[in-house]
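Q: Residues per chain, in single letters:
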Amino acid sequence: MRNREGRSGQLKVGLKYCGGCRAGYDRVGLVACLKERLAGEIEWVAADSEDAEALLIVCGCKTACAEPGIVDCPVHRISAPEEGEQWIAKMRRRIPQARSGL
Amino acid sequence: MGKLMNAREYEESLRKLKLNVYMFGKKVENVVDDPIIRPSMNAVAATYEFAHKPEYEDLMTATSHITGKKINRFTHIHQSTEDLVKKSKMGRLLGSKTACCFQRCVGMDALNALSIVTHAVDQKHGTGYNKRFLTYLEYVQENDLVCDGAMTDPKGDRSQPPHRQPDPDMFLHVVEERRDGIVVRGSKAHQTGAVNSHEIIVMPTISMREEDKDYAVAFALPSDTEGITYIMGRQSCDTRKLEGMTLDRGNLFYGGHEALVVFENVFVPWDRVFMYREFDFTTQLVESFSAYHRQSYACKVGVGDVLIGASQTIAEYNGAEKASHVKDKIVEMNHLNETLFCGCLACASEGHREESGTYMVDVLLANVHKQNVTRLPYEIARIAQDIAGGLMVTCPSEADLNSSAVGKWVQKYYRTKSDVPTEHRIRILRLIENITLGTAAVGYLTESMHGAGSPQAQRIMISRLVNMKQKQKIAKQLCGIEKGDQVS
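Heads up: the protein sequence lines correspond to chains A and B, in order. Under my numbering, think of the first position of the first sequence as 42, with each following residue one higher. Under my numbering, think of the first position of the second sequence as 7, with each following residue one higher.
Hints listed in this document are in silico derivations from the structure and should not be mistaken for laboratory results. One should not assume that every hint holds.
Unchecked claim - BS3-like cross-link-like pairs, simulated, lysine-lysine; straight-line CA separation at most 25 Å:
#1 K76(A) <-> K32(B)
#2 K53(A) <-> K59(B)
#3 K9(B) <-> K22(B)
#4 K76(A) <-> K103(A)
#5 K423(B) <-> K333(B)
#6 K247(B) <-> K33(B)
#7 K32(B) <-> K22(B)
#8 K33(B) <-> K103(A)
#9 K161(B) <-> K219(B)
Stated by the list, open to error - Chain A is nowhere near these chain B residues, computed Cβ spacing over 12 Å in every case:
#10 L65
#11 M66
#12 T67
#13 M96
#14 S102
#15 H125
#16 L140
#17 L253
#18 Y282
Stated by the list, open to error - Some chain B residues close to chain A (C-beta under 8 Å, calculated; not the full set):
#19 K95
#20 R98
#21 V416
#22 K418
#23 Y420
C-beta: ideal position from N, C-alpha, C; glycine also.
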């Protein structure tokens, strides 16, 4: 039985990284920043979690070679630090919908 | 998931082995903690630790085609060109994290080659090697083992085939056939990571004819099997690791090693034998393994990343980073390094499926890549030494730096910018020294030259594989010697 309702209406987001063979920035550091900025708004789950409402793939370069695997939720990719801010804005637009069950 | 070991579990697994190892003329009683060997163990341990890190697992792990379980990619049989590309990227990743040979690719390449060749032998001779091999492979995957892929025989007199050598042991061979297995004798030279391995996979080293069929043997054994002895190769600057200080090592954490592995009448049970006198498949096995292993030199791109980073750093420490010729040299280093990356990606992207289901790299491109590897790291290293300056090889030791008598002068006279501690300058110089002429130069330079076959071996393969007739045909058509389908 799937449970996509996160804690207190938080959006459940799966997290996956590319392998980082020539990462152009600190991917782990960026994710730490995202987690801090979105604390209380997003519940992070495993990349292959059936409960994920979105999957974020953090890639080290524009090749963005990591594949999402079999998922039935929207897949987002970040391949540069500046894309983090755009992704936060996008998620914040989605969070009210998730909370209202839309 | 199978048993995906972490670094600590790997180290503990090595402690259970009873290896017969010699170094500097003495038996090594504690291999894992030996200060000379330990950095190489750390490098292999990184292949385990990184498999557990989310930010690397996409490259470091794969799904077993036998069990469907998540496994370390080093035990994986490539199931697609994507797998081959990820193998190349994994090599660069690990090289860039360790700045040395992490030793585990050779076993992966042996496993993949055997997956193809055991199937091919079975098709022709009706043997059962592939089923036997897959059982072994599952054991390796389930236990997440390190395999040493042992191909290189000492070869003795190069003008003579194995059966005509004055000493028959110059190529490893079968000396006895028993009801329950075979007994072998000989040795394998230059065995990278041998004493960090759980298993040793032996393969013939050259193409053989019928007269050499006793030498046409492939098998796998636990690395601590009775009768196997390891004699460690020494490396330039190796005893710096015994000095009790770390700065002069350059790389404080990682390294590589090679050993001569002697098989003195070693018993191999039949369930571990994957080729026995099928001399007609030695060429395929050698060429398959070689092609995979030539691709594996993706690792040097990662080591190059570190060397380039070190070169830029010393340029900045010296206050020379804005000089146009220094900037241009850094560009050249990057150009050469990324050229190497192109080759290992290309041979993977252009890979194909073999009858066994295993994906094989494009053999021509793998040989071209390795041919580049025999050259470009030397040029990258030359430029690194150019940028570093002579101090890289004339710098006093860490003991002098810390000396109450002369340390103040080392600090004073080797200072550059006011915000750069002299010790930092010496540290980065020692790292460049380590990679270009110290212990790590074994891996970055000479291994690049001779590992997976010396340069001429690649040139022979390039000569054989390139489609010269087609090139001539087009040339003749375009200049009117022959008729073609050009638009008039």
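Q: Of all the hints given earlier, name the ones this structure violates by number, lowest first.
A: Violated: hints 1, 8, 10, 11, 12, 13, 14, 21, 22 and 23.
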